[in-house]
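Asker: Position chain B against the provided structure of chain A, taking the given hints into account.
Those protein sequence lines, which keep their order, are chains A and B. Once you know that position 143 of the first sequence is 143 in the numbering used here, the rest is easy, because the numbers rise by one and skip nothing. Take any residue in the second sequence, note its place counting from 1, add 338, and you have its number in the numbering used here.
Among the hints, a few may not be true.
Far from chain B by the CB rule (all over 12 Å, computed), these chain A residues [stated by the list, open to error]: (1) 13; (2) 119; (3) 238; (4) 260; (5) 314.
Covered, in the sense of this in silico footprint (three residues per stretch, anywhere, with C-beta under 8 Å from a C-beta of chain B), are these stretches of chain A [what the hints assert, rightly or not]: (6) 20–34; (7) 166–177; (8) 182–189.
Derived from the structure by calculation, the hints contain no laboratory data. For each residue, glycine too, the CB sits at the ideal point set by N, CA and C.
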Amino acid sequence: MAKGDAKGWKSGLNVQIESLKKSLRPRIREWKFSLFLFRKSVLAMAGLIIVLSLLLVAVFAPVLAPPPMIRGLGNMKDPMQIPYDFGLFPKPPGAVKPPPYPPGQTYPLGTGLQGTDIYYGLVWGARTSMYISLYVVSLAVIIGLVLGALAGYYGGKIDELLMRVTDVFLSVPGLILAMAVAAVLGRSLENVMLALIVVWWPPYARIVRGQVLTIKENTYVEAARSSGAKPMRVLFRHVVPNTLSPVLVNATMDIGVVVLVAAGLSFIGLGAQWPYAEWGRMVSEGQTWFTSTITYQGNQYNPYWVWAFPGLMILLFVMGFNLLGDGLRDILDPRLRR
Amino acid sequence: MRTFIIRRLLLLIPVLIGVSVFVFMLTRISGNPAAAYITEKMPLDVQAKIKASLHLNEPIYVQYWYWLDGILHGNWGVSKAAQNLDVSTAIAEKFPFTFELAMVSTLIAVVVGVSLGTISAVRRNTVVDHATRVMALAGVCLPVFILAIILKVVFAYQLGWFPLSGAYDPFLYPPFVADMNHYTGFLITDTILNLDLPRFSDAISHIALPAICLAFGSIAILTRIMRSSMLEVMGLDYVKTARSKGLPERVVMRKHARRNALIPTTTVVGLTFGGLLGGAVLTEFVFAWPGMGGWSAAAALSNDWASILGFTLVTAIIYVLANLVVDVMYAFLDPRVQLE
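Chain A with its partners taken away, still in its complex shape (with noise of 0.2 Å):
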């Protein structure tokens, strides 16, 4: 290759490069303003930290708590299933299964069913609870935004269609349905995530369909259908980015809620099984002892622990997406705005 030519090439290159700078300068003005905007509040930015702070605990969970290689027996395999242990503590006589132990050295934060470290499951639970909600939400989010845009693009007997379907889905309460499909499922936590894609995606083929139905019938959209633009590069192109902004906020605001959900299927017991490590579960898991004191080498005490924490956490999740989704929605809406 000739020198002259790679000396275009790269001109060529950076002739690019700058037009694409050019044409995303107001969109960088546009983020670095929504930043700016985000930063001033101050709940939004709480919301943001515990968000974070949760995110690094899921990913970091290995090394917080690390899956134990001798401790737990039969359950190192899967480092989702928290280790339980009977060898630690010396056992009350005739006790076949350990009682639930303080807080103490070994178990930081103490002890559940047979043992269950409460710590570790925390933790892991943390991977858990982010991992259900980004799949749900997301899964959820992309049903709705193909449907409901294709319903409010083309309209007609698909837009007819998809109304009636959502109007059955939204005549009946989201945990109840949930509750409904998971049952007759099976129990298993796969089967909750299932259940509340089906019960999630309706609202947001509504939304989208709302937002496109207003989107379409503006200039530029026109114009790029005139200029000869197919059907489906208009819509997914120059329409649909343009409705994402409210279900971005949704989407924010659900990923709380669909963790509140979930742990609400696993506290009844619909979801994960013992020993899994899923905060709602975890709940469950103090059930027997709600009301009743437990007499070990003669303490007695009530072990409010194995339910105290892991309900805290899923406060502290959902309270981190309900601010940051909050944060975002004064950000992102322009009537907010200023």
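Answerer: This is chain B only, laid out in the frame that chain A set:
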């Protein structure tokens, strides 16, 4: 107005068919629909007989037809989760408890939520306002079952102010003694009508904790709505007019501002009440409340599909009707709204 109501009621039919087809298909596609009625110890011919009586050998659309026919003729199947009662009988037995709980908790939520919302709007950006908003945030984020457990452990167990669970003290109702007239089927109303003070106070003390627990979430929502709509109304011209006429501030707030701010709040009240009527699954579960919610949780756990289907249908009906009532009420409260 009448055509609007009729049209909305007719819309219930496709919705109910949709819900039932959806859940019915799920029960048949996945899992074993006879699991609740058959145990492995039963002889094979008995198992086969039970399967045949449930029409499980027919194609799925025929099964659905049988089920729909049963629903229309009052045969809703047998509920394993409610001691083998008919599903319709079980619902009739449990609904009054759920209804009463929903009533009491909505009452608490409205009184507290409306006053907190008003105060926090009138004294905007003061300590009261901030405290109220923090509480509202907690109400949205605190899982209802955690709140229920906290209330139960602190007030019922540690302090002993309230009974632990249930809706009444069984010792107050000895079996085979019919000394109370059940006029309405609702416990609190019946005890009042019978002028039975011990049983009345017993019923109140049993309902207190679950009702407060349920009210907490609604209070959070109501306070938010009430605060924002109050703020909106307070900036309107007629409020200024009322003030400039020389009316005392209290009258302006109560008669001019709050009344109009209540309109959007009513919608929320109606919807939350409708939601609660379907059964507050988690709260009823924690407090062992003998209503629809606790029963449905038990049914969900024991694979009792007849109960699950019946419960989902009833909830859908209640929810849709509550929506309708809210819409109609809105038109009454706000003359600007036209139903078409």
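Asker: Confirm or reject each hint.
Answerer: Status of the hints after comparison with the structure:
1. 13: Consistent with the label, residue 13 of chain A stays out of reach of chain B, its closest Cβ about 50 Å off (over 12 Å).
2. 119: For residue 119 of chain A, whose nearest Cβ neighbour in chain B is about 19 Å away, the distance exceeds 12 Å, so it holds.
3. 238: The claim stands: residue 238 of chain A keeps its Cβ more than 12 Å from every Cβ of chain B (closest is about 34 Å).
4. 260: 6 Å, violated
5. 314: Non-interface label on residue 314 of chain A violated, nearest chain B Cβ at 5 Å vs cutoff 12 Å.
6. 20–34: violated (count 0)
7. 166–177: holds (count 8)
8. 182–189: holds (count 6)
Of the hints listed earlier, those the structure fails to meet are numbers 4, 5, 6, in rising order.
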